[in-house]
Structure formats: C-alpha cells, structure tokens
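So you can see what is in the structure, the chains are spelled out below.
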Amino acid sequence: MLAYAIKRLVQMAIVLWAVSVIVFLMMSFTGDPVFMVIPIDSTDAEIEQARRILGLDRSMPEQYWLFLQNLVQGDFGRSYVFRQPAMDLILERLPATLEIVIVAMLIAAFVAIPLGVYAGANPGKPLSRLIMSGSLVGISLPGFWVGMMLIFLFAVEWRLLPSSGRGDTVEVLGIETSLLTWDGWTHVILPSVTLSLGTLAIILRITRAGMMEVMRQDYIKFARAKGASRKDVLYGHGLRNALIPVVTIFGLQIGDLIAFATITETIFAWPGMGKLLVDSIYRADRPVIVVYLMLVALIFVVINLVVDLVYTAIDPRITVK
Amino acid sequence: MDHQSATAPLLDVRDLRTWFHTFSGTVKAVDGVSFTLAPGEVMGLVGESGGGKSVVGFSLLGLIDPPGRIEGGEILLDGEDIARASEERLRRIRGREIAMIFQDPMTSLNPVKTVGAQMDEMLRLHTDLDEGARKARCVAMLESVGISRAAERLRAYPHQFSGGMRQRVVIAIALLASPRLIVADEPTTALDVTIQSQILKLMRKRIAETGAAMILVTHDLAVVSEMVDKIVVLYCGRVVETGPAREVIANPSHPYTRGLVDSIPNPKHRKPRLAQIPGAVPDIRNLPSGCSFRPRCPRAQARCAEVSPALAPTRGTLSAACHFPILEEVAAAMATTGGERA
Chain W
1 MLAYAIKRLV QMAIVLWAVS VIVFLMMSFT GDPVFMVIPI DSTDAEIEQA
51 RRILGLDRSM PEQYWLFLQN LVQGDFGRSY VFRQPAMDLI LERLPATLEI
101 VIVAMLIAAF VAIPLGVYAG ANPGKPLSRL IMSGSLVGIS LPGFWVGMML
151 IFLFAVEWRL LPSSGRGDTV EVLGIETSLL TWDGWTHVIL PSVTLSLGTL
201 AIILRITRAG MMEVMRQDYI KFARAKGASR KDVLYGHGLR NALIPVVTIF
251 GLQIGDLIAF ATITETIFAW PGMGKLLVDS IYRADRPVIV VYLMLVALIF
301 VVINLVVDLV YTAIDPRITV K
Chain Z
322 MDHQSATAPL LDVRDLRTWF HTFSGTVKAV DGVSFTLAPG EVMGLVGESG
372 GGKSVVGFSL LGLIDPPGRI EGGEILLDGE DIARASEERL RRIRGREIAM
422 IFQDPMTSLN PVKTVGAQMD EMLRLHTDLD EGARKARCVA MLESVGISRA
472 AERLRAYPHQ FSGGMRQRVV IAIALLASPR LIVADEPTTA LDVTIQSQIL
522 KLMRKRIAET GAAMILVTHD LAVVSEMVDK IVVLYCGRVV ETGPAREVIA
572 NPSHPYTRGL VDSIPNPKHR KPRLAQIPGA VPDIRNLPSG CSFRPRCPRA
622 QARCAEVSPA LAPTRGTLSA ACHFPILEEV AAAMATTGGE RA
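Residue numbers (the numbering used here), protein chains in the order written: chain W, 1 to 321; chain Z, 322 to 663.
Hints in this document: simulated from the structure, not taken from any laboratory. Hints may contain errors.
To be verified - What the simulated footprint calls covered on chain W by chain Z, stretch by stretch (three residues with Cβ under 8 Å from a Cβ of chain Z suffice, anywhere in the stretch; the number is not a length): (1) 129-140; (2) 222-229; (3) 307-320.
Where a beta carbon is used, it is the ideal one built from N, C-alpha and C, also for glycine.
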C-alpha cells in the first residue's frame with residue numbers, strides 16, 4: 001500500500017511536470033502579452049521596461065526555469081491584469097464552480113442511475129425506450145441552448161427562478177458558499193441542471209449497458225432463485241457489478257465539468273473559474289492561464305487516483321499494486 | 322387425493338408447457354411434461370442438451386423470463402398450483418420451499434459480495450433468526466459441506482475459492498433455509514472429473530440428512546445412476562420414458578433411452594467404438610411429424626411419422642412414449658442400436 005502510494009505520487013509529479021512544459025510552450029506561441037498590459041500610447045522605452053518587469057525579455061528556457069523555481073517555493077506568478085497572485089484569483093473562484101459542479105453531478109447520479117438500472121433491467125418496455133430516447137436528446141442538445149431555454153422558461157416566462165448571477169452566500173470554514181441559503185439555491189439550480197444534462201445522459205447509457213450485461217449473469221438468476229426481491233436483485237446484486245465503467249466516466253465528467261464549465265458559467269454570469277479562464281485568455285493573462293491549466297491537471301490526476309481507489313472498494317477482485 | 326393420501330406427492334407436475342415466443346417462431350421447450358415427486362424422493366431429469374431439462378427446473382421456481390412463458394399445465398406443490406402463483410408468493414417459495422443449485426459455480430456466486438453475505442441473504446429472506454444465530458447457522462452449514470475454517474471463510478469472496486469449493490458454497494446456500502425440494506441443474510458438469518464424484522456424494526449425503534426431495538437435471542446418465550430413485554427422460558420437451566432408476570438404466574424400453582444408456586462407457590465390456598445415437602437433436606421450432614425421435618430411431622416405422630406416441634406403460638414399472646418400445650429385456654452391455662459397428 002505504501003509502495004503504491006509512493007508510485008502514484010511520483011506518477012502525479014511526472015504528469016504535472018509534463019503539463020507545465022506543454023502549457024508553457026503553448027503560451028509562448030500565443031503572442032506577446034506585453035501589449036495587453038500597457039497603455040495603448042506607451043513609448044518603446046516603456047514597452048521595454050514592462051517586458052523587463054514581467055521577465056519577458058529573457059529566453060524561453062530561462063523563463064521556464066524561473067517559473068519552476070518560483071513554483072517550488074509556492075509562488076505561482078502574478079496576474080498581469082489584476083496584479084494579484086494568480087493562484088489566489090483562481091482559488092477565490094473555485095468554490096463557486098465546485099458548487100454548481102457538485103450539484104450537477106448529484107443530479108446526474110441520482111437521476112441517471114435509477115433510470116439506467118430500470119432501462120437495463122427491462123430493455124423491451126416502452127418506458128425504457130422513452131428513457132433511452134430522452135438520453136439521446138440529453139447528449140445531443142448543446143449546453144448553451146439548454147441554458148438559454150431554461151432562463152427563458154423559468155426566469156422570463158414563469159418568473160420562478162433568477163436568471164443569472166450567484167445568490168446570497170455564507171462563509172463556512174473560510175469558504176463562501178451559496179448552498180446554505182435559500183436565495184443561493186435558487187441561483188444554483190438552473191446552471192446545475194444545465195451542466196448536468198450531458199453527464200446525466202452518458203451515465204444513464206453506461207449504467208443501462210452495464211445492467212443489461214449483468215442481468216444475463218447466473219448470479220442474478222441465483223439471487224432470484226433465493227427469493228430476493230426485485231429491488232434487492234437490481235440494486236443489491238446487479239448495480240454494483242455494473243458500476244466500474246460508471247465510476248470511470250463519473251470521475252472524468254467531474255474533472256471535465258470543473259475545468260470546462262465555462263459556457264454554462266458565461267450564460268448564467270456565474271462567477272466561477274470558467275469565466276475567469278475565458279477572461280484571462282482574452283487578456284492574454286499568461287500566469288493565470290498557466291496556473292489554471294496546472295490546477296486542472298492536478299484535479300484530473302487526483303480524481304483518477306480516487307477512481308482507482310473506488311474500484312477496489314467496489315470490486316474485491318481489483319487490488320492496488 | 323383420497324386413494325393416494327398415503328404417498329401424497331410433494332410435487333405433482335401435470336402437462337407443463339413452457340414456450341418461448343421468439344421472432345423465428347415458438348419454441349416449445351417444454352411441451353406437456355408430467356411427473357410426480359414424493360417427499361424425500363430423488364429424481365433424475367435426463368436428456369441431451371436442448372431437451373428442455375433446465376427449462377423444467379426454472380419453471381418450477383417461476384424463473385421463466387420473457388419471451389418465455391408457462392403456457393399451461395399445473396405445478397402442484399402440496400396441492401397448491403404454483404404455476405399461477407403471484408410473484409410475491411413465488412418469492413416465498415424460492416429458497417424456502419424449492420431451492421436451486423446452478424450448473425456453473427464460477428458464475429453463480431456474486432463476485433462482489435462475500436460468501437458470508439450471500440449465505441446470510443438466504444436466512445434473512447426466509448427466517449426470523451437474529452444476526453448471531455444466522456452467522457452460527459452459516460458457519461455450521463459451511464462446515465457440513467466440507468469447508469474448513471468456516472467462520473473465517475465467510476469473509477472471503479468467491480474468487481478466493483476453487484470451483485469445487487464454490488459449488489460446495491452454492492450447495493450450502495441452497496440447503497440453508499431447509500427447503501423441501503432442491504432442483505440441481507447439472508451441478509457437476511462444470512467441475513473437474515475428480516471433483517464431480519466428491520460433490521455428488523456430498524449432495525447425496527446432505528440431502529438424505531435433511532430429508533429434502535431432489536430433482537437432478539443432467540445429460541449424464543452415469544451421474545444419475547448412482548444417485549436417483551427414479552428417472553424421467555426428456556426429448557424435445559416431452560417425456561419419452563420414465564420409471565425406477567435401476568430399471569430405466571438396466572432395461573430401457575424407449576429407443577432413445579437405450580441409445581443414451583449405450584453411450585455410457587462401460588469398463589467391463591470394452592468395445593472398439595463407443596455407441597452413439599446417430600444424428601442430432603432436431604430444431605425444436607421445426608420438429609418432425611409424429612414422434613420427434615423418429616429420424617434418429619433404429620426402430621422407426623411408417624406409423625411413427627403419423628402419430629405422436631403418448632406416454633404409456635411398456636414393461637414392468639416403465640412407461641414410454643413409443644409405438645414400438647423395446648419389450649424384451651437385454652443386458653445393458655449388449656447394445657442393440659448402432660453400437661456393433663467396427
């Protein structure tokens with residue numbers, strides 16, 4: 001177990017280092033950020049000075065080396081635009097994004113898994129066909145359209161929910177959250193539903209495929225021959241055997257939603273990380289982009305580790321090595 | 322009931338018909354099967370693959386899934402027709418009255434649950450015992466099927482057991498709720514030959530101890546000959562012969578049974594070539610006219626193509642569905658059909 005932990009940590013470090021190299025190289029191709037931070041009427045001398053201050057006058061390897069040195073000391077660079085540590089900017093926005101992602105994933109899991117189990121256990125029934133057709137719609141509809149439709153219906157037509165922004169927040173353990181206020185929830189619900197649709201459809205389809213496979217197995221028939229109820233057979237014996245691919249996709253989707261909730265956040269003017277990323281790209285705010293992508297890579301690596309550990313909890317035949 | 326009350330059957334299956342409605346036609350997997358089983362009696366349900374043996378077994382537990390359906394007939398358990406019982410009632414019968422042992426122990430245990438949890442489930446469903454009592458019963462049952470360090474093994478997962486051990490676990494689970502009937506569907510087919518007789522002996526011993534009746538579904542006459550009181554031979558979903566085990570094996574009256582018996586290797590009468598029944602089981606959606614066995618039968622005559630024979634007494638205690646049954650008694654080894662070539 002200790003050897004496994006060390007191995008995984010080393011792997012994570014290698015992945016993050018590789019990501020840092022790639023991100024840094026990519027950034028150097030995106031144009032000179034100095035023009036984004038200086039006034040439009042600056043003189044050549046002023047431009048040169050700005051370059052020096054930002055460290056952009058040095059060679060690429062030199063810049064990277066400096067970046068790495070700072071990184072190890074916990075300094076992730078400062079935003080050109082906000083003149084604040086890039087990491088602080090991102091961490092400030094992270095809770096808002098996590099909020100809608102967590103709610104979205106919960107919606108997806110609690111809706112998709114029961115529906116997928118039903119559709120997988122009763123493949124021929126009309127309701128199953130309806131569920132599957134519905135899931136195709138869920139996969140096909142683009143998030144921005146769904147978001148706008150939801151705003152149109154719930155905020156404009158029926159005036160049930162606010163159209164955009166984040167509601168009242170309270171601070172818990174130093175983290176601002178809107179999940180503990182009624183107003184917060186009314187703001188969370190539409191972006192979360194929008195965000196959840198694609199994931200919901202995918203998880204539903206994977207759960208169904210897994211259940212169809214599992215329901216053919218002898219141990220399902222054996223469980224029925226014991227006199228187990230339908231519910232016990234489906235959820236007690238079937239679902240857990242169908243869960244491995246579901247957990248894999250679930251993990252990938254969490255990472256995906258955290259990293260790229262951009263479109264939904266933009267539509268709902270949700271002050272999360274995704275909006276920060278888009279703004280930073282517009283402003284060529286290199287340090288923020290670099291830190292953002294590094295953080296996303298870290299999130300993915302950690303989620304992968306968690307997924308692997310969850311495998312071992314689900315299926316005793318899988319062990320960590 | 323009246324005149325039979327002395328030996329009131331535990332199970333009385335009458336004209337059972339289980340059909341599968343597939344796109345390519347109706348498969349009459351079981352088509353008019355009748356038999357009775359007394360308490361504690363052990364019956365062999367014999368036939369080639371595709372003969373409908375397993376379907377009979379699953380029908381008894383109400384485990385026929387669409388497109389399959391019990392089309393007709395009665396399954397009387399203590400006089401109660403369970404062919405028409407509600408799912409609710411069937412759930413109380415499964416495991417408690419009728420338990421089932423499956424063919425392949427590698428796949429009949431749930432891989433993600435401990436052996437203990439899978440055993441406990443049976444007791445939770447069918448008894449009022451508290452947790453401690455259930456555990457004690459599981460340990461005792463595991464020990465009784467020859468698994469040592471049982472308390473420890475309860476926490477193990479199926480993949481930590483060998484095939485033979487797993488089948489012992491499956492048998493233990495089947496016996497846990499003290500059912501009165503056990504349906505064993507080819508319980509040794511998937512096991513190594515060396516393990517097969519161990520498991521059979523174990524089943525015979527344990528089942529005799531509990532006084533349960535058993536239906537042993539198998540394609541292997543050699544297996545049943547050691548274990549069962551009576552034999553029902555199925556061919557294409559119908560009973561072709563039935564009688565006391567010893568008589569059916571020593572002197573079968575139906576040509577099909579004769580063929581099955583002759584294809585058992587007999588070390589005392591070594592033949593250069595083992596007898597076999599020519600041809601193969603016909604497509605059950607497209608059965609030949611008259612007697613289904615006719616195309617493979619050495620005794621077939623014109624009448625066999627016209628009229629489907631009904632089950633009727635043939636000789637002694639045997640009944641067979643055949644127009645021209647074998648009425649003379651022959652020693653098993655002196656094969657009559659197809660065995661004397663070479």
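How the hints compare with the structure:
1. 129-140: violated (count 0)
2. 222-229: holds (count 8)
3. 307-320: With 4 residues close enough to chain Z, the hint holds.
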